[in-house]
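Undergrad: Taken in order, these protein sequences are the chains called A and B.
In terms of the numbering used here, the first sequence is residues 1 to 262.
In terms of the numbering used here, the second sequence is residues 263 to 644.
There's no promise every hint is true.
[Stated by the list, open to error] Reference listing, derived: stretches of chain A covered by chain B, where coverage requires no fewer than 3 residues with Cβ under 8 Å from a Cβ of chain B: (1) 26-39; (2) 96-103; (3) 107-116.
[Claimed, not checked] Think about it this way: if two alpha-carbon atoms lie no more than 27 Å apart in a straight line, the pair counts; the simulated DSS-like pairs of lysine-lysine are: (4) A/K45 / A/K241; (5) A/K152 / B/K401; (6) A/K176 / B/K552; (7) B/K537 / A/K75; (8) A/K18 / A/K152.
Hints were generated in silico from the structure; no laboratory data involved.
All values derive from a computational prediction rather than experimental measurement.
Glycine included, every Cβ here is placed at the ideal spot set by N, Cα and C.
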Amino acid sequence: MSDAAATAAAPSTLAVGKEVMVRMEGVHKWYGQFHVLKNINLTVKKGERIVICGPSGSGKSTMIRCINRLEEHQKGRISVENVELTHDLKNIEQVRREVGMVFQHFNLFPHLTVLENLTLAPIWVRKMPKAEAEKIAMKYLERVKIPEQAAKYPGQLSGGQQQRVAIARSLCMNPKVMLFDEPTSALDPEMIKEVLDVMIGLAESGMTMLCVTHEMGFANRVANRVIFMDFGEIIEENEPKEFFNNPRSDRTKLFLSQILHH
Amino acid sequence: MTDTALREHVAQPDLPPPASEVGVIGWVYKNLFSSPLNIILTVVSAALIILVVPPFLDWAIFSAYWGAGTSRAVCQTPVIVDGLEQMVKTGACWTMVRARFGQFMFGFYPFDERWRIVLGLVIQFGAIAWLLVERIPGKLYAAITLFVVYPVLAFWLYYGGLGLPVVETRLWGGLFLNIILGTVGIVASLPIGIVLALGRRSNMPVIRLLCTAFIEFWRGVPLISVLFMASVMLPLFLPEGVTFDKLMRAMIGIALFSSAYMAEVVRGGLQAIPKGQYEGAMALGLNYWKMMGFIVLPQALRIVIPGIVNTFIGLFKDTTLVTIIGLFDLLGHAQTATRDAQWQGLGKEGYVFTAVGFFVFCFAMARYSIYLERKLRRGYKR
């Protein structure tokens, strides 16, 4: 882990604000009888980059999906920038405008061109003039290094390109928090790097990020904190170096040995 | 040269495919005689075609009488049967259709006012062509013409008032009546069907229950009974003196009936849209109507174009059922004509003409649907 240790200096140089972006207090969630999230407490400050890992079915995706209310929690409080998520649709829409999300399967709109995918929400949610929205969209397409694909349809792009479009689409809404739900899990190995590079760039620009991922190199390089979840609980939470080198629980140790030495 | 040196690869020349794969012989072999079952099917089909098509063409075209006249007598030609000269009808007698053409098209609409129908339908089909043919610009104006200007104009032209003599709807008839009922049904059933389909998939139980009940009710009753109820039973429930145009009642009945079918077609499309599309849209902050309008419905409707057009075609043909409530459409007039003493026994001609009339419209719709599917498929593939 020598190369990881060398780059591990990077996160500390990135400023973390005092302002709380996401606050989860005593959050519980059930799917019918199944208790998926158990007493989740998590505070994310502005500029923090958090990596969430854990075995499948541990509730990590469900947890970040609660932050923009794609899943509803049944107990506890979740607030984003002090806007609490309740049944109030206005609050939910306000939170979703400020929280970007990138999915495992991209979820691009196949009937719209790349540019239309990027400008739809700024035009219809932010009420931005079309010309301005397109200018911003092109700026982000350049940032994810595929401006030449603007007129194509998502189905004509590779998986890595599609995921970069999906990241650009979220950024066009100028979000304050970005959620990543296993963004590289559906990609072929040679495409993972191009997506991770974009995410690293984003982290270095100071974006508040919550990433569900098993890319431990990425966690090492950009995360301030790594969270390990299992059985719907947060089992362990630490800065990456400590997390990887001195895991405190047996469960974490076992998980790390499984994903690092296969 | 050593053993390790790379050998240059010499490509083999392309050989022509065997005769059984290409050309006329290849096509015939592959498509008609490739297996014993295929051979049997080919022979049976050929026999059926030979048995049915030439006699029909002979009756409908070659031996048919096309001239003008006022009774079936003109269609008969002298033929020697058993040494006696008899007047015999050898083929179709299109004279009947010529004589009754006005009624078939316009019903009992006054002769001097028929230009209003012609003008109205020219505007209608012109606007439809404007909207559907890709090369003509100004689609927004086409839509405004068709959905805003035309309905008002059509009501004035067809019904009258403001300087035009009023023509009561009981005089409306013929193919014109089918077109009016079909157009109203089509224009009303798609939006109502979409709303019902969304309602049936709503998270709100009351709305879901109402939409489901509505759809199942209208799907559960035959159209004939809907029309019958609308024309006979409804007036009994209305207060004394309140009358409600019979044609209007039929229109509403047909529109509600077909919107229930449309709702189920659209629901099928909605179910085919992956959950990720909804989540992608929601995560961007789109509200329910924007998500449906921009993301879900465009994809869902594209999938169910064949089903939608199928419903349209069924609806258009079902407009002939209004005969049973005393509205005389094309089929009604064709049947009436055969009961006329002058044209007795010419049922076949009337029905064939009706069939051709409907076929033209239904086939056009079917072709447009195929064109639309191809055009929309061109853009993106999944």
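Undergrad: Starting from the hint list further up, note which numbers the structure goes against and sort them upward.
TA: When the structure is compared with the hints, numbers 1, 8 turn out to be violated.
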